[in-house]
Amino acid sequence: MLLRNIILTLFSLLLLNLYSCGQDNSLEQIEIKYPNGQIKIKGTTLNEKKQGVSRTFYENGNIESQNNWDNNIQTGRTLKWFENGYKKLEGQLENGQETGEWKYFDKLDGEYIYSVFYKNGKEVDFKFSSDKYKWRRLELPTLDFIIELPTFLMDSFYAENTYSAYWAMYPWFNKNEVEYYSIIRTHFPIDNNMLQNSIKELENGNLDFLDLLRNNSTNVSSIPNFNVDKFEIVKSQKININGRDAFELIFIFIDINVEFRTIVIPSGNNVQFVSAYFNKDVSQENRDRYFNSIDFKR
1 MLLRNIILTL
11 FSLLLLNLYS
21 CGQDNSLEQI
31 EIKYPNGQIK
41 IKGTTLNEKK
51 QGVSRTFYEN
61 GNIESQNNWD
71 NNIQTGRTLK
81 WFENGYKKLE
91 GQLENGQETG
101 EWKYFDKLDG
111 EYIYSVFYKN
121 GKEVDFKFSS
131 DKYKWRRLEL
141 PTLDFIIELP
151 TFLMDSFYAE
161 NTYSAYWAMY
171 PWFNKNEVEY
181 YSIIRTHFPI
191 DNNMLQNSIK
201 ELENGNLDFL
211 DLLRNNSTNV
221 SSIPNFNVDK
231 FEIVKSQKIN
241 INGRDAFELI
251 FIFIDINVEF
261 RTIVIPSGNN
271 VQFVSAYFNK
281 DVSQENRDRY
291 FNSIDFKR
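Numbering (my numbering), first residue to last: 1 to 298.
One or more hints might be untrue.
As the list claims (entries may be wrong) - Dumping the calculated DSSO-like pairs for lysine-lysine here, alpha-carbon to alpha-carbon at most 27 Å:
#, residue 1, residue 2
1, K80, K40
2, K297, K230
3, K80, K134
What the hints assert, rightly or not - Derived CB-CB ranges, DEER-like:
#, residue 1, residue 2, range
4, I73, N292, 20 to 30 Å
5, S236, D191, 36 to 46 Å
6, S129, T162, 47 to 57 Å
Since the hints were made in silico from the structure, they are not lab data. Being a predicted model, the structure only gives us computed values, none of them experimental. Virtual Cβ for every residue (Gly too), placed ideally from N, Cα, C.
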């Protein structure tokens, strides 16, 4: 009996050894490049699953992100940078979920701005590094005006022949706490007569243009949504900004008491939109300061 057990044990060990030899336990280097030859993604895999450290890069060569992987699941420390080289955020993941403190940084100067705290992938708290409002007068690329932002520039986006966008916001948990600032410019031709006719129809009570807002509303549950949240228009009027014709729209999301305000500014064949969501705690002074700061470049 003892001899049989020894033989079975040795046979099992032999099978285990043969199985292990059949598995490739070495990390495979992965490298993907841009058309210009610059590295885009660099990392390692194990048995065709992400394993170890991966890095992504912008086309200009600057690092974009650094992540850690274990059996295709993101875990450990994660870092992201803006294209200009400043750090964007740093945080920890556990089994693919955010955990602990995540720090966010300013795109313009790289300064630490605020932290969001997570537990099991859900936000549980946040804190600011200093005073909440940090007004700065900014001359941003692609825009033909200067504007003051009340907080840090969180990020920007540019796509040739479509649009460019800049946005700044504070952390929030629920949609009735939202405070979000955005500036968008189209980069495709827009017929000025069509724009003026749309504005005229709006002044006359034709609200067909809202279909555009509804179709493009985000489905994120923490942001007011024109598809699901009850709203009303409280103001729609032509205005003049330093000699330029523009149009102002103000909506109120009734049940959550959030104001959405946007100013439409024609600019040659393009259109610029200056917009914001304001929760009930944002002072009228800060609401007005943002929109009243628009000044066109000379």
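Here is what the structure says about each hint:
Under the criterion of a C-alpha separation no larger than 27 Å, the hint pairing K80 with K40 is consistent with the structure, at around 14 Å. With a CA separation close to 38 Å, the supplied pair K297 and K230 exceeds the 27 Å bound. Note on K80 and K134: the hinted pairing holds, with a Cα-Cα distance of about 23 Å set against a maximum of 27 Å. With their beta carbons about 49 Å apart, I73 and N292 fall outside the hinted range of 20 to 30 Å.
Checked against the hint of 36 to 46 Å, the C-beta distance between S236 and D191 comes to roughly 21 Å, which is inconsistent with it. The beta-carbon spacing between S129 and T162, approximately 34 Å, falls outside the hinted interval of 47 to 57 Å.
In this structure, the earlier hints numbered 2, 4, 5, 6 are contradicted, and the remaining ones agree with it.
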